[in-house]
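J.: Chains A and U supply the protein sequences, listed in that same order.
Numbering-wise (my numbering), the first sequence opens with residue 16 and increments by one.
Numbering-wise (my numbering), the second sequence opens with residue 853 and increments by one.
Hint data in this document are derived by calculation from the structure and do not stem from the laboratory.
Because the structure is a prediction, the values reported are computed rather than measured.
Glycine included, each C-beta is placed from N, C-alpha and C at the ideal position.
Be aware that a few hints might be false.
[Unchecked claim] Residues from chain U that keep clear of chain A, each with C-beta distances beyond 12 Å, as calculated:
no., residue
1, P861
2, G862
3, P892
4, G907
5, G925
6, D932
7, D945
[Claimed, not checked] Partial list, derived from the structure: chain A residues whose beta carbon lies under 10 Å from chain U:
no., residue
8, V50
9, G67
10, G87
11, E88
12, V201
13, D205
[What the hints assert, rightly or not] Non-contacting residues of chain U with respect to chain A, defined by C-beta distances greater than 10 Å in every case (computed):
no., residue
14, R868
15, D891
16, A893
17, S902
18, H921
19, P937
20, L942
21, R943
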Amino acid sequence: MNAHTSFAELSARQRVQAMVDVGTFKEFLGPSQRVVSPHLAALGVPYAFDDGAVIGSGTLNANAVLIAAQEGEFMGGGVGEVHGAKLTGLFRRALRDRPAAVLVLAESGGVRLHEANAGLIAVSEVMRALLDVRAAGIPVLMLIGGANGCFGGMGLIAGCADFVVMSDAARMSMSGPEVIESSHGVEEFDARDRALVWRTTGGKHRYLMGDCDRLVEDDVAAFRSAALDLLGQCKQPGAKQPMTLESLRQAHARLQERIENVGDCKDATDIWQRLGVAHPERVGDMEAAEIQALVAREQA
Amino acid sequence: MENLHFELPGQRVPSRFDAVLVGVVGSGNLEVMLEPGSDPAHCTFAIHTSARGFGPIWEAVVRNFQNQHGLGGVVVSINDMGATPAVVSLRLDQAVASLPDAGGAQI
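Excised from the complex, chain U in its bound form (with noise of 0.2 Å):
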């Protein structure tokens, strides 16, 4: 296990939203909760993942998730179990798609 944290800057703040959580832990997938955050001018990543060693990957693609969305006042924590990389955008994107702004009802 490992357990990493990244804090980076942004701007959009959602509407107010329940915590929203999307994907499972299981092989290769991982799950994703959004949940408000105190802080608007920053999203924070707390990421426990059964896969040691990928900490520069992992930073690369929250930062990549980051310089998509901006977000602002969210806590976003994942429980991995060895997703890969384009698995980790897309339950990120699914993520946010699920949230009340962007008037989806994914679940």
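Same shape as in the complex, but just chain A (with noise of 0.2 Å):
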């Protein structure tokens, strides 16, 4: 891999072989097992071999890692019955392999609406499992960097981790663009003004809400390096906060004091503004290590 390597750019396969160390990854249920979508096929529409999923074992700088990526340009990234069970599976054998952490290279508008009830099912299966993991005391990072974003059920997973890092490039979000257009009208959201909807979703937006713990260039390399900064973190005595009833209670306490505190706003600008963001309307312009520095600004 060059110096630059954009990680949009690369495909879910090429994602997974250049965040571990060259030449370990190690796939589960690959290509030839033929593991396919039965719901496609009965609707006459294309699978893939893999369903859109690659999982499998590996090592980051010589620790043992289970990751997985989505392959965004197919379906969307959608989460099927098989693309689903293929996450929960890699969670389930986390227990058993107990690696340094668990990393998904996340990029999915969310539910595979062709698989409707077995596609939601086969999310709140991941999650459920998801949590399992991080209660295991196993780490689990979200690195979000591709083109299709993380929206809908798989913007909810991605809640559920320890740690999400994302590029300036990329968005999360529930509800994507068009949803919210279609239901409440262009005036409301214009799924088509780009900027907009980088600015509501986009990486910068979240980190600087404090949703995203890591923001990074399109690079290949900076999101190895985040995931390996987050890994040493957690190898630190007592860094890594257990999921209690409490902790959850003070991120719902936080969560009503942004709707108390940014809740009128109509744009992002005017939040970042309120967050006390020097110049906001520069923001979009910004390089990630700048976005980083305004962060570090607030907390001195």
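From these two lone chains plus the hints, build me the complex, please.
T.: What follows is the structure in structure tokens.
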């Protein structure tokens, strides 16, 4: 890999290979095993041999990890029954193998609508399995850098992880732009307004709001080094917060506080201004490092 | 959907290889998987395509491919979402370039 390789431009398969140490990736349920979607075939829609999910094991700077990647070009990374079961299986395997971390290179529009209830159930199963892994003290990292972003059920799954890493090209939310526009009208949210979409759901906004732990450039090496950094952080005694009823109550209180503080804002730039960002209109043009410096200044 | 199957003679048997997969099943795109086959004198093609009625064009594309590469003992499996013949040919060439014999490590 060159010094600067765009994460967004790579396929799921290429991302997995680029994230782990060279030659260490071992795939589970690879394409030649043909575990394909039974629903798509019944609907007369082409299926993919890996159902858009690549799962396996590898090492990250010699730390054993389990890793998954979603292929955004196949059905928008939609979570179908098989796709979801592969993610669930990977998390369950983590309970047995006890890797240093589980990494998910998420890129998904959410539930694959062709599979309806099977996809919805799959999403809830992934969440359950992910939370079991966290409860076992194994960190779960979501790395989001694909053009399709991370939306719907997959946005919820990302919200369950210990850490979220995003590039400024990435997006994360529950309802996607088109969904909001079709349910609330174009006056409420114009899904074709790319600047609006990115400042509402993009990596910079998520980082400024505290929904994302690391903001990186669209670069494979930057994602890798952020994952390594977080892995190191987890090894510090007492660094990783266990999820308890009390910590969840605190998280809910922070969300309530957020609504009280910025709930009346009409645009993300208004929120940034209220957060104390000196030149909110410049945020769109800033590099990831400048955004990180903004937050560091606020904490200081 | 249409399922097509072709079996063409060939002699060039690649040395032992693990399954190779290139491409993605996306709009105007396809995935091509090469696997070792049991018949060293033939290359077989199993094609699932979303576009019906293009059997003769698929046959021309895979015959052209086989004229160039002459593979034997290989099974080619394709999932297609409306790729043009040129894209199909490029993906097939990419898959062959990814075989260990070709020294390629394309993924």
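J.: Compare the structure with each hint and give your call.
T.: We went through each hint and held it up to the structure:
no.	hint	result
1	P861	24 Å, holds
2	G862	20 Å, holds
3	P892	19 Å, holds
4	G907	16 Å, holds
5	G925	15 Å, holds
6	D932	6 Å, violated
7	D945	17 Å, holds
8	V50	13 Å, violated
9	G67	8 Å, holds
10	G87	9 Å, holds
11	E88	4 Å, holds
12	V201	25 Å, violated
13	D205	24 Å, violated
14	R868	14 Å, holds
15	D891	18 Å, holds
16	A893	22 Å, holds
17	S902	5 Å, violated
18	H921	20 Å, holds
19	P937	17 Å, holds
20	L942	15 Å, holds
21	R943	13 Å, holds
Consistency with the previously given hints fails for numbers 6, 8, 12, 13 and 17, ordered from lowest to highest.
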